[in-house]
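Enquirer: Here's the letter readout for the chains.
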Amino acid sequence: MQRSLFAQQPSVLIFISLLAIFTIVITVLSEGFGLGLVSTSFVKILGKTLCLCLIAIAMDLVWGYCGILSLGHFAFFGLGGYMIGMWLMYERTKDIVIASLASAELPPTAEEIREGIGTQIFGVVGGAEIPVVWYFADSLFAQLALVVLVPGLLALVFGWLAFRSRVTGVYLSILTQAMTLALSLYLFQNDSGLRGNNGLSGLQNLPGLTDVPQSVVSVWFFLASALALGLGYLLAAWVVSGKFGNVIRAIRDDETRIRFMGYPVEAYKLVVFTLTAVIAAIAGALYYPQAGIINPAEIAPIASIYLAVWVAIGGRGRLYGAVIGAATVSLLSSWFTGGQAPSIPLGFYTINWVDWWQVLLGLGFVLVTLFMPKGIGGLFDRLVRKDAA
Amino acid sequence: MSSLLEVTSISVSFDGFKAINNLSFEIGEQELRAIIGPNGAGKTTFMDIVTGKTRPDEGRVRFGEPQLDLLRLSESQIARAGVGRKFQRPTVFEAQSVRDNLMMALSNDRLPFSVLGYRATVEDGSRVLALAEEIGLSDELDRIAGELSHGQKQWLEIGMLLAQEPKLLLVDEPAAGMTLGEREHTTDLLRRAAETRAVVVVEHDMEFVRRLDCKVTVLHEGSVLAEGSLDHVTANAEVIDVYLGR
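Protein sequences appear in the order of chains S and C. For the record, in the first sequence the residue sitting at position 295 is 295 according to our numbering, with numbers rising by one throughout. For the record, in the second sequence the residue sitting at position 128 is 1128 according to our numbering, with numbers rising by one throughout.
Errors might be hidden in some of the hints.
[Stated by the list, open to error] In silico SDA-like pairs for lysine to any residue, Cα to Cα no more than 20 angstroms straight-line:
no., chain 1, residue 1, chain 2, residue 2
1, C, Lys1167, S, Leu153
2, S, Lys374, C, Gly1146
3, S, Lys94, S, Arg257
4, S, Lys94, S, Pro264
5, C, Lys1018, C, Lys1053
6, S, Lys374, C, Gln1096
7, S, Lys243, C, Glu1165
8, C, Lys1053, S, Ile293
9, S, Lys243, C, Pro1038
10, C, Lys1167, C, Arg1127
11, S, Lys374, C, Ala1132
12, C, Lys1215, C, Glu1006
13, S, Lys243, C, Thr1196
14, C, Lys1167, C, Gln1096
15, C, Lys1053, S, Pro264
16, S, Lys243, S, Ala7
17, S, Lys243, C, Lys1018
18, S, Lys243, C, Val1122
19, S, Lys243, C, Asp1057
20, S, Lys243, C, Arg1072
21, C, Lys1053, S, Lys374
22, S, Lys94, S, Gly202
23, S, Lys243, C, Lys1167
24, S, Lys243, C, Ala1235
25, S, Lys243, C, Glu1006
26, C, Lys1215, C, Thr1179
27, S, Lys243, C, Pro1066
28, S, Lys94, S, Arg164
29, S, Lys243, C, Lys1053
[Said to hold, decoys possible] What follows is a list of derived Cβ distance ranges for each label pair:
no., chain 1, residue 1, chain 2, residue 2, range
30, S, Leu332, C, Gly1136, 51 to 61 angstroms
31, S, Leu227, C, Leu1129, 55 to 65 angstroms
32, C, Gly1125, S, Leu227, 49 to 59 angstroms
33, S, Tyr135, C, Gly1117, 51 to 61 angstroms
34, C, Gly1117, S, Ile302, 48 to 58 angstroms
Source of the hints: derived by calculation from the structure; they are not laboratory data. These numbers were taken from a predicted model, which means no experiment stands behind them. We treat Cβ as the ideally placed atom computed from N, Cα and C, and that holds for glycine.
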């Protein structure tokens, strides 16, 4: 009586196929690997969009399925970006420092190299010492582990404290907002060890691979993002398809009842919260090397609210809905705010989309909430119902 | 007869109001018991205490063999130890199918990681079929629970409780809002359930209690007023005074 994942959720197979086709088409059309019809900057936008789709899946898992409206998941996304960014920036700066010291008569000592790196990276915040949090920054392996461990541990500790005290609903949402705000404010400080409001930059350059043009690097990251999204989708679909999925939906619908059935609700919430934080962190670690820069403004509370808006617009409780929402809104956003959308002259006033896009987005959110409570993804339900009828 | 649940002189007050006042209660391993009493007598608070939702200010609650101190366990641990509870309002998971509702209730491991790796066995499948048969929902297994009638939801919830295989079943007003036919079916279900476990039914409806034909405990102002057969307690002058005479 156990059916396979694909038989249970045909949308999984459709999604993976579409993603594969999309990935191949873009790669073939890219400047780095093919016909050059798609510009490098657009490949980066698409790659970043795939990462946003991945964090939207995490959001759907935690909110749409488990009913925890976390408004702090961008904190984990940002932390993932910072962790990989530290390695990228450190190693690249080290290469530059070694190159500049190469002309000296004596070969530079390790001490001199460290000083050089310290001055290069932390000069902007008035320091030359390499802070202790950068201890592992010269090891790619360690920083990759930290991408998972730092956000994972933060989510574990935060979630344990919050769920154990039975904080639910809007209070939990506020608490998660406070968490991301506190983290953002902390990182804004110059002595946080992560360059304050300057953040980390130059992340698009891969250490040791400076000869590889960005057109190629962009496709690498695009492919990695597509792979991560595909795997993340499969993982999420697997998690929600079985009994575990039924239990977390039950927690969303009636927490007390499932608790009296003997399910330790807090443990389930903690598992889902931490798992989605890790997915968000991996998405962030792939996003920021494509963006090139990360700073504390990225994890301001508004970012996590946008995430909830994407998932609501796309349709909660259906993984493809989250992907549709994130892709639609973020691509539209970069189109409108990128100056490509034509301004509308009204004679007495000109609608400039860079300013008015936010208004349009807000209006769209209100309309979707009022007239399509199941989001864009809900439209597919109607199609399927019609077919079946 | 050894007792399954031993509640010894518990008291609890909310903002000065004594909801439970030095209450003691015992029930055997295979017994059907009805608890009656006027509004505010402490029936629901009593259930809350046994299931871990409310902590008493004083007293002891012991359960099972070897004896467990229920006051030290969380709600979900108490449920896993073998106490099932049916709420007054039928609460089934309306977005999920009858089958999924029953599957979740089956007495399998309930910790997150074992549930994540759970695959339904043949026994689990046939157990669900047998339960559906018992609660009269065999033809509704693949329906969404939200589409069921009020009575069917009540039965599904009772079925889910039976699936948990509790040693003690606490049932809050099962007959509320049921038709006569549905009530008869519910009485049968409860009496059959009590053949293999302890069942405590809290009920307002005297007619329904009479049909259950079991020992009755009358609560009043948070303590036991009388205990015995229905005829015995309804003959008690105090009971008539506080409850029946009104």
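Enquirer: Check the structure against each numbered hint from earlier and tell me which ones fail, lowest number first.
Expert: The structure conflicts with hints 1, 3, 4, 8, 9, 11, 13, 14, 17, 19, 20, 21, 23, 24, 25, 26, 27, 28, 29, 31, 32, 33, 34, although it agrees with all the remaining ones.
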